[in-house]
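*Asks:* Residue numbers for the sequence shown follow our numbering, so the first one is -11 and each next one is one higher.
To be clear, the hints were calculated from the coordinates, so they are not data collected in a lab.
Given the structure is predicted, the values throughout are model-derived calculations rather than measurements.
Hints are supplied without guarantee of correctness; some may be wrong.
Claimed, not checked - Simulated restraints, written as ranges between beta carbons of each label pair:
#, residue 1, residue 2, range
1, M43, R71, 15 to 25 Å
2, D0, L112, 42 to 52 Å
3, A85, Q16, 32 to 42 Å
4, V75, V55, 16 to 26 Å
Cβ coordinates follow ideal geometry from the N, Cα and C atoms, glycine included.
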Amino acid sequence: ELIGRGGSVLPDPADDSAVYAWVERALQEAGTLPERGHENVLRGLIEVFLVQFEMQSHYRPSGPLGVPVTLLHAAEGGMAGDRLQEVLAVYARVVEAVRPVAVPGGHFSMLSGANAAQLAETLLEVIP
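Given these sequences and hints, build the entire structure.
*Replies:* As structure tokens, then:
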């Protein structure tokens, strides 16, 4: 959860240096980015962030989805607290029903090591 970190206002996506500085500050404040040696990793993260930001800012659902949805989310991090209820409220506007299922790890670590194995097991359990 980066909103509220790195400054409360998102930078202009057209200003690469402002985006870089904002994301760098936010990730360092969150404790997920070292002080040095992160430049190549950070550039890749920013590219992904900008593409996702652009897609999300323009996406509008064509209508409600008439099937239940299972939301797999990381047990650690932003979705572990009140944020999950906020996200579920948004889903409730566009899906028939949403079932949250927590998986071990954080946003990135849920895909590595033992967490990845548990994620795979959970996927096998929730996919009919």
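*Asks:* Determine for every hint whether it applies to the structure shown.
*Replies:* Verification of the supplied hints:
1. M43 with R71: 15 to 25 Å: holds, 20 Å
2. D0 with L112: 42 to 52 Å: The hinted range 42 to 52 Å holds for D0 and L112, with Cβ atoms some 43 Å apart.
3. A85 with Q16: 32 to 42 Å: holds, 39 Å
4. V75 with V55: 16 to 26 Å: holds, 18 Å
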